[in-house]
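*Asks:* Chains as they are written, first to last, in our numbering: chain R, 11 to 135; chain B, 11 to 135; chain G, 11 to 135; chain A, 11 to 135.
Any given hint might turn out to be false.
Some chain R residues judged to face chain A by a derived CB distance under 10 Å, without partners named [claimed, not checked]:
1. L37
2. A43
3. L46
4. V111
5. T114
6. L126
Calculated directly from the structure, the hints in this document are not laboratory data. Where a beta carbon is used, it is the ideal one built from N, C-alpha and C, also for glycine.
4 protein chains.
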Amino acid sequence: VQNIGKKIWVIAEGYLPPDDLTKSHQLVSHETACMLNAGDVDANVAIKIFYKDRDPAGPFKVIVPAHRTLHLRFDGLTDPETIPRDCDYSSLIISDQPIVVQHTRLDSRGGGLALLSTIAYPVET
Amino acid sequence: VQNIGKKIWVIAEGYLPPDDLTKSHQLVSHETACMLNAGDVDANVAIKIFYKDRDPAGPFKVIVPAHRTLHLRFDGLTDPETIPRDCDYSSLIISDQPIVVQHTRLDSRGGGLALLSTIAYPVET
Amino acid sequence: VQNIGKKIWVIAEGYLPPDDLTKSHQLVSHETACMLNAGDVDANVAIKIFYKDRDPAGPFKVIVPAHRTLHLRFDGLTDPETIPRDCDYSSLIISDQPIVVQHTRLDSRGGGLALLSTIAYPVET
Amino acid sequence: VQNIGKKIWVIAEGYLPPDDLTKSHQLVSHETACMLNAGDVDANVAIKIFYKDRDPAGPFKVIVPAHRTLHLRFDGLTDPETIPRDCDYSSLIISDQPIVVQHTRLDSRGGGLALLSTIAYPVET
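All chains should be built: construct the whole structure from the sequences, respecting the hints.
*Replies:* Written as structure tokens, this is what we have:
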């Protein structure tokens, strides 16, 4: 099976809760873009971050290798900048190969756990 | 990339849990319509709220500027009216420019945190 | 705007957690099919419930009036039967008018709150 | 109604939290692929699991009988191998009959409950 997915995806929600960053890395509140490249060619992915009150940031560039998944943490992005916590954002994900994208947040403020997830929005091109 | 998204979206779920409104604003139970306008033209958005047992309300009008995201809290809407808490509703979102919409609820009743999120339903036109 | 939505929808997930049914009705663990009828004609909706190890049940019949939303609790269905708790199911929702469907679960086992939600799957006809 | 769903689906998110496996089986952190076969013919389903840093695993084969739902727990898969906990993955689900797929995670680390769910991504063929 080839051509699994789309080349452009949108995640309209985006928010990194303020949190205690000394917690276990896996349990610090975070968001991920889970990207599957089921194809035979490595995917070059460029992510653009949109904010409420300033110009977009990016592109943030990552590679999703052929036949691999990448669960990219937004709080791990540093180049060209970091995404501030406690700040609304959205992301536009552009790949040169078809991929599938799902968005997940773990919110551990207060010591409990909350999760959300959704398929991202695939843009027809 | 132009024409990212659709002009009409539906969020069939809608519920603002009853809550202690003296809590920190960010932690009061709420719902948001996260809207990305990735295009070059400001989007004029009209939201219509449907209820279980009375006529729809609205339009509630907001602008999502070009290249910006707006995470609109439903409990912040006041014109032409407010949405009651503890009341089932749905929303129809109509924009004059293509946007992408995602729906999120934070429920903090009882002191913990629960989250839900989904891509909204894009209407073909 | 007319023809908002589709006439056939699927919710593949379905599970009513075992719970203390003497709690406040709103906080008893439950699932809902949130259905918006944005059109001008009442929608007659028939729901069929699929199980793991027995024949499907239904149809369960409800009306979603024109310009109204109905957040239908699956644990409130009684005709032709009730859906057992602690039992996997799926639902097929067939309407004679276009509607939009979103699926939500509230799980309050143990005293906390957890939520999930997703747009249902719209079937092309 | 025939042909409800698609034959190829993707769940880009996938993660089995590390957990105390001596808890009640239903409350051990897990993920499910909820699959509805609303048609008249049994569906033969093959699942391929993609990882971050090694070749894909599978196929894992299951049958979703006609007119039945199967809520498949990923932590119950054993043939040809098990999926490790605390490891990012994605899944590609290929069926010989149309089905509908929804993805759910229950995370009970720490004693509370968190849930996520989304419709999976249907691949056009």
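*Asks:* Against the earlier hints, flag every one the structure doesn't satisfy and list their numbers going up.
*Replies:* Violated hints: none at all, because every hint is consistent with the structure.
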